[in-house]
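Novice: Sequence:
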Amino acid sequence: GGTMENMISLVYDFHETKFFRDIKPIEGSMEGVRLLNAEHKLYAVTSRQTKIRQPTIEWLEKYFTGCFSGVEFTNNYTFDGIALRKADICKKLNIDALVEDMIEHADDCAKEGIIVLLFDKPWNKDYAGEKNITRVHDWNDIIKIF
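The numbers in this note's numbering rise by one with no breaks, and the one at position 59 of the sequence shown is 47.
A hint or two may mislead.
What the hints assert, rightly or not - Capping the alpha-carbon separation at 25 Å, the derived lysine to any residue pairs in SDA-like fashion look like this:
1. K39 x L24
2. K12 x G(-10)
3. K132 x I(-4)
4. K6 x L24
5. K79 x P110
6. K12 x V59
7. K109 x F7
8. K39 x K99
9. K12 x E60
10. K119 x I(-4)
11. K109 x G54
12. K50 x E19
13. K132 x Y51
14. K79 x H28
15. K113 x L81
16. K12 x K113
Hints in this document: simulated from the structure, not taken from any laboratory.
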């Protein structure tokens, strides 16, 4: 219910917390990413801000060492710089599938012909959009698809 500026400030404040520093991967993601990496070229395409590039890369290396061919930041919800579209990044890198939980990115990518596996979350439960979107509940669902 607040302004975009308030929301961005809250996100920036969150980056300074112990919870952010101690965040763990979701259940099954480490195993799932390693399995996918054995047969696919993977990229991390994140909405995170470039301001937290280094801690993000360090986190990915800690939990997903050697699994990603690259890390791309869209810089969404920021006070600094320009935000990019995940769809544009996916097209530039010839990414044909994306695991996502945000409706806006999922819908945008699906409209560009990218297959989207949409994690079923409370904030997207009512979405029934594009045909290139498949709902998944956990990493076991993702592994079964690929």
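Novice: Against each hint, give a clear statement of whether it holds in the structure.
Specialist: Quick rundown of the hints versus the structure:
Between the alpha carbons of K39 and L24 the distance comes to roughly 29 Å, so the proposed pair goes past 25 Å and is violated. Our distance criterion of 25 Å between C-alpha atoms is broken by K12 and G(-10), whose separation comes to about 28 Å. The hinted pair formed by K132 and I(-4) fails the criterion: a straight-line CA distance of about 36 Å is larger than 25 Å. A threshold of 25 Å between alpha carbons decides the hint, and for K6 with L24 the separation of about 30 Å lies outside it, so the pair is violated.
Taken as a hint, the K79 and P110 pair is broken in the structure, with Cα atoms around 28 Å apart against an allowance of 25 Å. Taking the CA atoms of K12 and V59, the gap is about 18 Å. The hint holds against a cut of 25 Å. As the CA atoms of K109 and F7 are separated by approximately 20 Å, the hinted pair is consistent with the 25 Å bound. Restraint check for K39 and K99: not satisfied, since their Cα atoms lie roughly 29 Å apart, outside the 25 Å limit.
Distance restraint check for K12 and E60: the Cα-Cα separation of roughly 20 Å lies within the 25 Å cut-off, and the hinted pair is therefore satisfied. For the given pair, K119 sits about 31 Å from I(-4) by alpha-carbon distance, which is inconsistent with the 25 Å threshold. For the proposed pair K109 and G54, the alpha carbon gap of about 28 Å is over 25 Å, so the pair is violated. With a C-alpha separation of about 14 Å, the suggested pair K50 and E19 falls inside the 25 Å cut-off, and the hint holds.
Between K132 and Y51 the alpha-carbon distance is near 22 Å, which keeps this suggested pair within the 25 Å criterion. With a C-alpha separation of about 16 Å, the suggested pairing of K79 with H28 holds against the 25 Å cut-off. Distance hint between K113 and L81 is unfulfilled; the C-alpha atoms sit about 29 Å from each other, more than 25 Å. Among the hinted pairs, K12 with K113 is consistent with the structure: their alpha-carbon atoms are about 24 Å apart, no more than 25 Å.
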